[in-house]
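Model the full assembly from the supplied sequences, consistent with the hints where possible.
Residues per chain are reported as follows:
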Amino acid sequence: MELVCPAGSIPALKAAIEAGADAVYIGFKDDTNARSFAGLNFTDAKALKALQLARSGSSSHKATKLFVAINTYPQAHSWPRWQRAVDQAAELGVDAIIAGDIAVLDYVAQTYPEINLHLSVQASATNRESLEFYKNNFGIRRAVLPRVLSMAQLQHLSKTSPVELEVFGFGSLCIMAEGRCYLSSYVTDQSPNTGGVCSPPKDVQWSDTPKGQETHLNGVLIDRFLPHEKAGYPTLCKGRFQVGSDIYHALEEPTSLNTLDLLPQLKAMGIAAIKLEGRQRSPAYISQVASIWRQAIDQLGTSAAPKPQWHATLAELSEGHQTTLGAYHRPWQ
Amino acid sequence: MQLSLGPVPYFWPKQELLDFYESMVTQPLDRIYLGETVCSKRREMRWQDWLDLARFVESHGIKAVLSSLTLIEAESELKQLIKLCRQDEFLVEANDMGAVNLLSQQGKPFTTGPAINIYNGRSLRLLQNLGLARWTMPVELSRESLSSSLMQAKELDDAPLPETEVFAYGQLPLAYSARCFTARQRNLAKDDCGFCCIETPQGINVKSQDGEELFTLNGIQTMSAKVYDLSTQIEDLKHLNVDSLRISPLYQGTAEAITHFKQAIDGTVATQEPTIPLMDVSNSNRICNGYWFGEPGMAVK
Numbered sequence: 044m045e046l047v048c049p050a051g052s053i054p055a056l057k058a059a060i061e062a063g064a065d066a067v068y069i070g071f072k073d074d075t076n077a078r079s080f081a082g083l084n085f086t087d088a089k090a091l092k093a094l095q096l097a098r099s100g101s102s103s104h105k106a107t108k109l110f111v112a113i114n115t116y117p118q119a120h121s122w123p124r125w126q127r128a129v130d131q132a133a134e135l136g137v138d139a140i141i142a143g144d145i146a147v148l149d150y151v152a153q154t155y156p157e158i159n160l161h162l163s164v165q166a167s168a169t170n171r172e173s174l175e176f177y178k179n180n181f182g183i184r185r186a187v188l189p190r191v192l193s194m195a196q197l198q199h200l201s202k203t204s205p206v207e208l209e210v211f212g213f214g215s216l217c218i219m220a221e222g223r224c225y226l227s228s229y230v231t232d233q234s235p236n237t238g239g240v241c242s243p244p245k246d247v248q249w250s251d252t253p254k255g256q257e258t259h260l261n262g263v264l265i266d267r268f269l270p271h272e273k274a275g276y277p278t279l280c281k282g283r284f285q286v287g288s289d290i291y292h293a294l295e296e297p298t299s300l301n302t303l304d305l306l307p308q309l310k311a312m313g314i315a316a317i318k319l320e321g322r323q324r325s326p327a328y329i330s331q332v333a334s335i336w337r338q339a340i341d342q343l344g345t346s347a348a349p350k351p352q353w354h355a356t357l358a359e360l361s362e363g364h365q366t367t368l369g370a371y372h373r374p375w376q
Numbered sequence: 060m061q062l063s064l065g066p067v068p069y070f071w072p073k074q075e076l077l078d079f080y081e082s083m084v085t086q087p088l089d090r091i092y093l094g095e096t097v098c099s100k101r102r103e104m105r106w107q108d109w110l111d112l113a114r115f116v117e118s119h120g121i122k123a124v125l126s127s128l129t130l131i132e133a134e135s136e137l138k139q140l141i142k143l144c145r146q147d148e149f150l151v152e153a154n155d156m157g158a159v160n161l162l163s164q165q166g167k168p169f170t171t172g173p174a175i176n177i178y179n180g181r182s183l184r185l186l187q188n189l190g191l192a193r194w195t196m197p198v199e200l201s202r203e204s205l206s207s208s209l210m211q212a213k214e215l216d217d218a219p220l221p222e223t224e225v226f227a228y229g230q231l232p233l234a235y236s237a238r239c240f241t242a243r244q245r246n247l248a249k250d251d252c253g254f255c256c257i258e259t260p261q262g263i264n265v266k267s268q269d270g271e272e273l274f275t276l277n278g279i280q281t282m283s284a285k286v287y288d289l290s291t292q293i294e295d296l297k298h299l300n301v302d303s304l305r306i307s308p309l310y311q312g313t314a315e316a317i318t319h320f321k322q323a324i325d326g327t328v329a330t331q332e333p334t335i336p337l338m339d340v341s342n343s344n345r346i347c348n349g350y351w352f353g354e355p356g357m358a359v360k
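Protein sequence lines correspond, in order, to chains A and B. For the first sequence, the working numbering assigns the number 44 to the initial residue and increments by one for each residue that follows. For the second sequence, the working numbering assigns the number 60 to the initial residue and increments by one for each residue that follows.
It cannot be assumed that every hint is accurate.
Which stretches of chain A does chain B cover? Using the computed rule of at least three CB atoms under 8 angstroms from a CB of chain B, they are [said to hold, decoys possible]:
hint, segment
1, 110-120
2, 186-198
3, 257-269
4, 281-288
No lab work stands behind these hints, which were simulated from the structure alone. Small disclaimer: the values here were computed from a predicted structure and weren't measured. Yeah, the Cβ is synthetic: ideal placement off N, Cα and C, and Gly gets one too.
Structure, rendered in structure tokens:
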């Protein structure tokens, strides 16, 4: 079972490699990937450096694979940027391109048939027929699944999937089917599909008011915090809203996904890879999270139980300091 | 320019739904999309009921298209999708790539709803080669994006383009989740939902804490609170060679919206007059059209 770790910078990439990542995924420094934040991601020169670092691996183990996410949706006028990103990844000789748009997938399949294609979570493929579509038409080798399936559904899909499956293990939790969520562009002018970003930082406002600290997104009040509450980033699906006479987290509380406890079952199902979310996170975060998951994967098949401090550390690093099994756990739904 | 009626996104009692379509078949519509697109647990209408309804629609000279479920997770949902895609009586609107696969493998022409991600002309041509006869632009895209997609598709190929439909009126479908937000609002688990969304025929309104209209909870779907309305843009839509406009049903006022659009298309009313937001005629804040202009969807121009 492969551990796939995020990196938004060279220090983060080094941290992931040192912590024992089997593969690291990165994006180029533009809107061709779904973490298009200022100060993040890799120029051509940095991407080359990333590849060299990955190839040399860490002090303790073999080379690490490098994947490049080109997983947003080009519009006709911006197509050359996505084409260039694919050309650049191909020229580097990366181990896989992660894509979701069918024009991008088609371009990779036609132009660089030797490159491993992974279907991005942004393609929103949740069932066998959808996976067949991407395999038949573009020859994908692997698919990253949206965070919408229960364990029973995942188990069934794992038996019938035409390609190997990668699932999210830990990190910020999208509760909507990825690639089909426009909450962000409804309130700002960008969504993950169009702008490579959800709730773009340029639209975020923090303010102290007599009613408490408030977070706004493009002028819309997302949450208001009492003095003892820690204000979270104003992601739309984690906001506190008014429904009838109640004010509550109408969609989801600030929380992170953590499937550490499901790891043995995921392994038994034959899931090929566990993905950690967080290209926007610090090297220190990546280092801590990746180390825990490395140890957890390595001790699978032994009698060792997950260490209690792993959960404590992961909770400490989570949104709102709490974690959930998300859709894997049916009652969450 | 044609007028389509999208699938009813909300969960209505069977008789109410049938009464609704009884009145819709008298409207100046070219096409009606039928079927449950949001939640497979909604079973007021069985498979045979939908087929009967589609035949009823066609007996009134209106084309019926069967729309597929959007988020397909369970094996039972996949089985139903296979059944839908194997029937030969009606055209199918694919709302998931799984449906596209099933239809294209059989060599059947198909149409796509707004949840199929066609963001550029290359994707449009690619799906056309697999049998796409008509597409609905994803709701978050703008007129500029549409214009450039169609131009790109023309540059790639001389073949006629698939028909283009634009979501022109109704609450915008914004997101789909494994979680049911209607059940959550009532502190129920999805497995014990009691089909409670039947009690909220226009969804559940979500406001910010300072009272701004934001979203509508509709089971596992999150919609806009505001009604998207492109009725002031008919000339532009014609100019872009859009073939069809989609009216998405509302609990109240759908017939009035259709009449207004029909008059605007025929040029019998000034298109500068926005459609009255029919759920709440006194409040023009409930209209939005930002997406069309490349702005936040909830904005109004």
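So, going through the hints one by one against the coordinates:
no.: 1; hint: 110-120; in the structure: holds (count 5)
no.: 2; hint: 186-198; in the structure: holds (count 5)
no.: 3; hint: 257-269; in the structure: holds (count 6)
no.: 4; hint: 281-288; in the structure: holds (count 6)
Checked against the numbered hints given earlier, this structure breaks none of them.
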